[in-house]
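Those protein sequence lines, which keep their order, are chains A and B. Mapping the first sequence onto the numbering used here, position 85 (from 1) lands on 85, and the numbers just tick up by one. Mapping the second sequence onto the numbering used here, position 1 (from 1) lands on 1001, and the numbers just tick up by one.
Check the hints yourself; a few may be wrong.
In silico PhoX-like cross-links for lysine-lysine, where the CA-CA straight-line distance does not exceed 25 Å [as the list claims (entries may be wrong)]: (1) A/Lys41 x B/Lys1056; (2) A/Lys55 x A/Lys20; (3) B/Lys1102 x B/Lys1002; (4) B/Lys1042 x B/Lys1102; (5) B/Lys1002 x A/Lys41; (6) A/Lys64 x A/Lys20; (7) B/Lys1102 x A/Lys41; (8) B/Lys1056 x B/Lys1102; (9) A/Lys20 x A/Lys66; (10) A/Lys64 x B/Lys1002; (11) B/Lys1042 x A/Lys20; (12) B/Lys1067 x B/Lys1042; (13) A/Lys55 x A/Lys14; (14) A/Lys55 x A/Lys66; (15) A/Lys14 x A/Lys66.
Think of the hints as simulated: they come from the structure by calculation, not from any bench. Computed from a prediction, not measured in an experiment: that's the story for all the values here.
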Amino acid sequence: GAVVSQHPSRVICKSGTSVKIECRSLDFQATTMFWYRQFPKQSLMLMATSNEGSKATYEQGVEKDKFLINHASLTLSTLTVTSAHPEDSSFYICSARVSSGNNEQFFGPGTRLTVL
Amino acid sequence: QKEVEQNSGPLSVPEGAIASLNCTYSDRGSQSFFWYRQYSGKSPELIMSIYSNGDKEDGRFTAQLNKASQYVSLLIRDSQPSDSATYLCAVKGGYSTLTFGKGTMLLVSP
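Just chain A, with the same shape it has in the complex (with noise of 0.2 Å):
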């Protein structure tokens, strides 16, 4: 399968503060990557979907504004959360979508927050 990437795996950072998440196509290119947010024993939820070249489609109650989503390459898209609280602590995983064939969606490794 096709290879995603995310950096950092983990953040531990204070409350206020904002972290960048930072998804990779590794060898394919994704016009369509998707941001999820999982808690823990919970389902994953869609929290955006990103376009290349275009403003990210927010879910409903989704703060656009607190999670900027920048989707500037066919295989680079970023997740910043600003200004993060504790209840932000989340597992936060992209996913990208081949452009070929049956669409299939990769998931990336996910980057674990924590915000004190």
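Please build the complex by placing chain B on the supplied structure of chain A, with the hints as guidance.
Frame of chain A; chain B shown alone:
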């Protein structure tokens, strides 16, 4: 509201047995169906995709799709302890996003 339903489990099977995981979905327009495996603390890994009615086999895994019944399943033959994980069913309709079920936890005992 598009919904994907899975029994949360845990589903416990002995090593070597067949594990059967089930999923139902609400959107009749759904076209693509996926099974992901997620180990604790890790991100999901795509293990099977199926797009037409019937069975699709890949190694020890068989995906089954019945669009009339809006039902998709995953069979794991010769289950191994390393198969113990949460299995997520995902469904894609006419739009680009996947809708995930909450997952079924599978426990394979040695």
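Do the hints match the structure? See the list:
1. A/Lys41 x B/Lys1056: Given that 25 Å is the threshold and the Cα spacing comes to 30 Å, the pair is violated.
2. A/Lys55 x A/Lys20: holds, 17 Å
3. B/Lys1102 x B/Lys1002: Holds: B/Lys1102 and B/Lys1002 sit about 13 Å apart, inside 25 Å.
4. B/Lys1042 x B/Lys1102: holds, 15 Å
5. B/Lys1002 x A/Lys41: Holds: B/Lys1002 and A/Lys41 sit about 21 Å apart, inside 25 Å.
6. A/Lys64 x A/Lys20: holds, 14 Å
7. B/Lys1102 x A/Lys41: This hinted pair holds, its Cα atoms lying about 9 Å apart.
8. B/Lys1056 x B/Lys1102: Holds, because 23 Å separates the two Cα atoms, which is no more than 25 Å.
9. A/Lys20 x A/Lys66: holds, 12 Å
10. A/Lys64 x B/Lys1002: holds, 23 Å
11. B/Lys1042 x A/Lys20: With Cα atoms ~20 Å apart, B/Lys1042 and A/Lys20 stay inside 25 Å; holds.
12. B/Lys1067 x B/Lys1042: Between B/Lys1067 and B/Lys1042 the Cα gap is close to 31 Å, so the pair fails against 25 Å, i.e. violated.
13. A/Lys55 x A/Lys14: Not OK: A/Lys55 and A/Lys14 at ~28 Å, beyond 25 Å, violated.
14. A/Lys55 x A/Lys66: Holds. A/Lys55 to A/Lys66 sits at ~14 Å (cutoff 25 Å).
15. A/Lys14 x A/Lys66: At roughly 16 Å apart (the allowed maximum being 25 Å), A/Lys66 and A/Lys14 satisfy the hint.
Consistency with the previously given hints fails for numbers 1, 12, 13, ordered from lowest to highest.
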